[in-house]
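Q: As a plain string of letters, each chain reads:
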Amino acid sequence: MDDTNLKPAEGLTERLYWLIRLRWVAVGGVFFTALFADKALHIPLALAALYSIAGALGVYNLLFLLYLAWFRAAARPDLPALANRLANAQIAMDLLGLTALLHFSGGVENPFAYYFVFHMIIASVLLSRRASYLQATFAVFLFLLMAGLEYSGVWTHYCVAVQAAGCRRADLINLLGVAAAFTSTLYIAVYMAGSVSLKLREKEATLRAANLLLNEKDRIKSNYVLRVSHDIKDHLAAIQACLDPVLHGLTGELKPAQENLIRRSYERTEKLTVFVKALLEITRIKLSQKMETGPFSLRKAAESAVNLVEERAKAKNIKLNFAVGPGVDVIVGAQIYIEETIANFLSNSIKYTPEGGSVDLMIGDAGASVLIRVSDTGMGIPKGDLPHIFEEFYRAKNAKAAERTGTGLGLSIAKEVAKRHNGRIWAESQEGKGSIFYLSLPKEAAEPGRSGDAGSPPGLRVSGG
Amino acid sequence: MAKILIVDDDPDIVESMRIILESCRHTVKVAKSGEEGLKEAGADKYDLVILDVMMETMSTGFEVARSLRESRDNKAVPILMLTAIKESTGLDFKSEVGDKDWLPVNAYLEKPLKPHELLQKVESLLKGK
Chain A
19 MDDTNLKPAE
29 GLTERLYWLI
39 RLRWVAVGGV
49 FFTALFADKA
59 LHIPLALAAL
69 YSIAGALGVY
79 NLLFLLYLAW
89 FRAAARPDLP
99 ALANRLANAQ
109 IAMDLLGLTA
119 LLHFSGGVEN
129 PFAYYFVFHM
139 IIASVLLSRR
149 ASYLQATFAV
159 FLFLLMAGLE
169 YSGVWTHYCV
179 AVQAAGCRRA
189 DLINLLGVAA
199 AFTSTLYIAV
209 YMAGSVSLKL
219 REKEATLRAA
229 NLLLNEKDRI
239 KSNYVLRVSH
249 DIKDHLAAIQ
259 ACLDPVLHGL
269 TGELKPAQEN
279 LIRRSYERTE
289 KLTVFVKALL
299 EITRIKLSQK
309 METGPFSLRK
319 AAESAVNLVE
329 ERAKAKNIKL
339 NFAVGPGVDV
349 IVGAQIYIEE
359 TIANFLSNSI
369 KYTPEGGSVD
379 LMIGDAGASV
389 LIRVSDTGMG
399 IPKGDLPHIF
409 EEFYRAKNAK
419 AAERTGTGLG
429 LSIAKEVAKR
439 HNGRIWAESQ
449 EGKGSIFYLS
459 LPKEAAEPGR
469 SGDAGSPPGL
479 RVSGG
Chain B
190 MAKILIVDDD
200 PDIVESMRII
210 LESCRHTVKV
220 AKSGEEGLKE
230 AGADKYDLVI
240 LDVMMETMST
250 GFEVARSLRE
260 SRDNKAVPIL
270 MLTAIKESTG
280 LDFKSEVGDK
290 DWLPVNAYLE
300 KPLKPHELLQ
310 KVESLLKGK
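Chains as they are written, first to last, in the working numbering: chain A, 19 to 483; chain B, 190 to 318.
One chain only, chain B, in its complex shape:
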């Protein structure tokens, strides 16, 4: 089915997402940091990138997303951002209005993840491609 890149530094959350996504026969590649994610996205072609917004090392998910958008190959790759940001900054992402101008991602998903929500978002992003 689809090739999905997960960029997240929490191995347990990554493992759970991998199992959920592979149960729907997607191919999953994991990057444990922003740098690794960018390298991986440059080396191979992916149908979807899932980014965690807060990562311990270097770049936040937003920075990774911007770098992806600036690259030649991944200008248009759908990006799903995982956040716990609403409660930490008070920002409200429920609305998902045309945020593309200021934040280059296609959809948000709030943590903790629910399997069916994750799958729903992934399917709709893949279809919208």
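Bound conformation, chain A alone:
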């Protein structure tokens, strides 16, 4: 094998489906072209033979489809090798089919003979270079065989020329010219398409390797962040634990100035703790191979998120409304994280909504998914900031002005949670009027990559070398 490393195994199954879809078009094309040539152009054609060949094309296309689906469902490890054999077989069958079609519709006279070029391009995309050249050789062999047998009279020539002079079956010089042009065209097509396709495969392999490397580096970085923040958090906890008894007068009465400073230190430590915890959380989610998911009541999760923020809403005299649509109850997912995301939306809304405003939580059924929607009458998000609010550490200008501290991590955690549930998260806002945050979750939140075979989203599978 000259080019084992660059075998187009990745995605070959998808391309086979593509080929099968194309073939349905071809079957229809043959049928209608023959019909058109017969009824409108009055070209004498062996219609019965042509329709039978189109029918045969359809039948083996269906067989290939079923075979492929069956093998994919079985998720066998030798799927790439099998897909490769299947691609070779399909193209060979197509060459036979096309030759048969040509034979019954004028042989070398048929201008559609150049459709062989398409098969050469398809072969160059799907197969290794060697296999593509073999297919080209097979096509040339079939074409020459047909021309030769028709020329010698062993096969009947189905002349489609409307005028007798147009029939070139016995014109040897013309035949040789056609054969030479045909042969060179096919080989040149394979050479060119193959070169382009090889370059693309090389580039794809490089990109895939680079991507793996990046992922690995990202993982190392995350691990580092995890360790560092863990250490910081332990120290913070100890500092707080030591300040706490002093602040609560357990070590004797404090003078107001002392109390003031200790309280400030304590509060700053607390803010730093919140930040480090958020950093730990997002890093952990990113590093986790999979989330613990299970069925749970979304209604109850939302209720407890509401309970969590109720006090804060009341303190600011904000009306907190909560509505769950019919048909929404049990979904599959990581309850803790989803509950937290809802609470996060709500507490953001409450934080940035002035006194007397309102915050609404609505959960609705959207068929295969549920839509969680939190809207407020708050300060809104400036247009320029809106595309960035889900980025790590990003905080909108007006949010920073209103609240100096804040981790800028809450929404990135939410985004990560949505991603891990195959869900979607987004926001709409009008500065000065309010914001709406959306989280859409599939009811059966399968984690990406767990669906197994080639049907999983690209980029998540690691290919065996």
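None of these hints come from the bench; they were simulated from the model. This one's a predicted model, so the numbers in the text were calculated from it and none came from an experiment.
No more than 30 Å apart at the CA atoms, straight line, and that leaves these computed lysine-lysine pairs for BS3-like:
(1) K303(B) to K234(B)
(2) K295(A) to K310(B)
(3) K303(B) to K289(A)
(4) K235(A) to K304(A)
(5) K295(A) to K437(A)
(6) K332(A) to K303(B)
(7) K332(A) to K310(B)
(8) K303(B) to K369(A)
(9) K303(B) to K295(A)
Facing chain A, from chain B, some residues (calculated, C-beta under 7 Å):
(10) D199
(11) D201
(12) I202
(13) S205
(14) I209
(15) S212
(16) K300
(17) P301
(18) L302
(19) P304
Glycine residues also receive a C-beta, built at the ideal position from the N, C-alpha and C atoms.
On the provided structure of chain A, position chain B as indicated by the hints.
A: Below, chain B without anything else, positioned relative to chain A:
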């Protein structure tokens, strides 16, 4: 008042707990590791044991708790477990339902500790004895 054993390997957190508990006139003994804690619990009689769930050396708090429950003298001693476990494992201990079957402790307290929460838990555990 009560005799309390603290098993935790962070000296600063231990010191803060000692001050808080002694302010309520409890007697506090400190063990810096799981092994030391078990030895201490065997040597003297305590009204309450406070365990940190994550310790650097040998045993986790859970292992120490199990050993205590298996011992003759401390089958029934109230155990208060200090944890930061919710965020590290995603487990939720808020509910404190009859966990005794699978985790032999009487109550949990999440870190960082608040003095009044610690005192409240300690008082209720001592009263429930």
